[in-house]
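Position chain X relative to chain G; hints supplied.
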Amino acid sequence: AQSVAQPEDQVNVAEGNPLTVKCTYSVSGNPYLFWYVQYPNRGLQFLLKYITGDNLVKGSYGFEAEFNKSQTSFHLKKPSALVSDSALYFCAVRAPGNNDMRFGAGTRLTVKP
Amino acid sequence: DGGITQSPKYLFRKEGQNVTLSCEQNLNHDAMYWYRQDPGQGLRLIYYSQIVNDFQKGDIAEGYSVSREKKESFPLTVTSAQKNPTAFYLCASSIGDRGQPQHFGDGTRLSIL
Chain G
1 AQSVAQPEDQ VNVAEGNPLT VKCTYSVSGN PYLFWYVQYP NRGLQFLLKY ITGDNLVKGS
61 YGFEAEFNKS QTSFHLKKPS ALVSDSALYF CAVRAPGNND MRFGAGTRLT VKP
Chain X
1 DGGITQSPKY LFRKEGQNVT LSCEQNLNHD AMYWYRQDPG QGLRLIYYSQ IVNDFQKGDI
61 AEGYSVSREK KESFPLTVTS AQKNPTAFYL CASSIGDRGQ PQHFGDGTRL SIL
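Chains G and X, in that order, give the protein sequences. Note that our numbering gives residue 2 to position 2 of the first sequence, counting from 1, and the numbers run on in steps of one. Note that our numbering gives residue 22 to position 22 of the second sequence, counting from 1, and the numbers run on in steps of one.
Because the hints were derived from the structure by calculation, they are not lab data. No experiment lies behind these values; they were computed from the predicted model shown. Here a beta-carbon is modelled for each residue, glycine too, at the ideal position from N, C-alpha and C. Some clues are possibly wrong.
Looking from chain X toward chain G, a few residues come up when the C-beta cut is under 10 Å (computed) [as the list claims (entries may be wrong)]:
{"no.": "1", "residue": "Gln6"}
{"no.": "2", "residue": "Lys9"}
{"no.": "3", "residue": "Tyr35"}
{"no.": "4", "residue": "Gly40"}
{"no.": "5", "residue": "Gln41"}
{"no.": "6", "residue": "Gly42"}
{"no.": "7", "residue": "Arg44"}
{"no.": "8", "residue": "Gln50"}
{"no.": "9", "residue": "Ser65"}
{"no.": "10", "residue": "Cys91"}
{"no.": "11", "residue": "Ala92"}
{"no.": "12", "residue": "Ser94"}
{"no.": "13", "residue": "Arg98"}
{"no.": "14", "residue": "Gly99"}
{"no.": "15", "residue": "Pro101"}
{"no.": "16", "residue": "His103"}
Pulled out of the complex, with its shape left as it was, chain G reads as follows (with noise of 0.2 Å):
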């Protein structure tokens, strides 16, 4: 079986500071994992993916992640923050062969100016 966990509801940094959304999995092989974005009322936005190779990934708007295999985490990153980065944060995990991804319960960031 595949899942991912969100450990944090909320994170809250200041505009300007790095920011971290965390993520781990639990998957058997080799995963594929994914962060996506939803603002209010709209659907998720792709920002970045790791199938295999650099540990670290770099997506769109300037965020980055890092894979590590021997914590089975997939840590969203961002060296500084915006407040336009407000929104809920998805990590999605799919095990190699199966059809459907698992998401994380989500995790709302606020950036405070």
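The following block gives chain X in isolation, referenced to the frame of chain G:
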């Protein structure tokens, strides 16, 4: 522009009534998905389809039905058997490669009158 269109944006259901949510994509994607989003629970998979005229149940298929008669269309019917249908419904699509992200529509919010 290519994308996924969900309609209507808001929908109201009376007791004992079936309602159908529309999802159309012009991305030429083979796979399509329906998710239900409730506050604090992330996304839960209702149904998915990898190819025309074929679909599989997800984790919470009871009370829902789908069809996939055309590659571009994957409508979801919320039947009267679904006792708690109030939620935000999201449709997504992806190409066949499991390492590729899903693309989402902007959702339909269903409420009970």
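Does Gly99 (chain X) hold up as a contact with chain G if the rule is Cβ-Cβ below 10 Å?
OK, holds: Gly99 (chain X) within 10 Å of chain G, min 5 Å.
> Given Ala92 (chain X) as an interface hint, is the shortest Cβ-Cβ distance to chain G below 10 Å?
Replying inline: holds, 8 Å
Using the nearest Cβ pair, does Gln41 (chain X) come within less than 10 Å of chain G? holds, 6 Å
Close enough to count: is the Cβ of Arg98 (chain X) nearer than 10 Å to one in chain G? Since chain G brings a Cβ to about 6 Å from Arg98 (chain X), closer than 10 Å, the hint holds.
Could you check if His103 (chain X) really has its C-beta closer than 10 Å to a C-beta on chain G? Since the shortest Cβ distance to chain G is 7 Å, the answer is holds.
Q | Supplied contact hint for Arg44 (chain X), tested at 10 Å Cβ to chain G | A | holds, 8 Å
Next on the checklist: Checking hints one by one. Is Tyr35 (chain X) an interface residue toward chain G, by the C-beta closer than 10 Å rule?
Outcome noted: holds, 8 Å
Using 10 Å as the Cβ threshold, decide whether Ser94 (chain X) counts as touching chain G.
-> Ser94 (chain X) check passes; min Cβ-Cβ to chain G is 9 Å, inside 10 Å.
Open item on the list: Using the nearest Cβ pair, does Gln50 (chain X) come within less than 10 Å of chain G?
Closed with: holds, 6 Å
Would the hint on Gly42 (chain X) stand, with a C-beta cut-off of 10 Å toward chain G?
-> holds, 4 Å
Close enough to count: is the Cβ of Gln6 (chain X) nearer than 10 Å to one in chain G? Holds: closest Cβ of chain G sits about 8 Å from Gln6 (chain X), inside 10 Å.
Interface hint status, Lys9 (chain X) versus chain G (Cβ within 10 Å): holds, 8 Å
Of the numbered hints given earlier, the model fails hint 9 alone.
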